[in-house]
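Engineer: Under the working numbering, the residue at position 77 of the sequence shown is numbered 77, and the numbers go up by one with no gaps.
For the record, the hints were derived by calculation from the structure and aren't laboratory data.
Mixed in with the good hints, there may be bad ones.
Label-pair restraints from in silico Cβ distances [claimed, not checked]:
hint, residue 1, residue 2, range
1, Tyr100, Arg26, 34 to 42 Å
2, Arg43, Pro112, 31 to 39 Å
3, Thr120, Glu95, 15 to 23 Å
Every residue, glycine too, gets a C-beta built ideally from N, C-alpha and C.
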Amino acid sequence: MDAGAAARATSAVSSIPRDQDGPVFRAPWEAQAFAMALTLHDRGVFTWPEWAAALADQIKRAQAAGDPDTGETYYQHWLATLEHLVAAKGVTTSETLHRYRDAWDHAADRTPHGQPIVLTSADFR
């Protein structure tokens, strides 16, 4: 992950969990979602103020639906915001996102615990 890009993101989006070294993550998928947002920002898909507003809106909706806002779900909101923005910007469609999510779920279900999950064409059926 580009340290400069991560530093710019943590400056622009004040809610990002961080320590003195930069953003912190509880699991690898959180870092991957963070990196995807950095890449899409660098490619001009959205600005950081636009991202921050969309993320704040996502968190408010989750809180209204009962999310206890303990910080443990922050990157779930991050991922939901990422999915929303790429669909809203026409990078992909909600249908394609759901298709891939279902395929990954299928791949995970058939993968023995501890083994890497490999997505195949059969997972899309």
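Engineer: Which hint numbers does the structure go against, in order from smallest to largest?
Structural biologist: Of the numbered hints given earlier, the structure breaks just one, which is hint 1.
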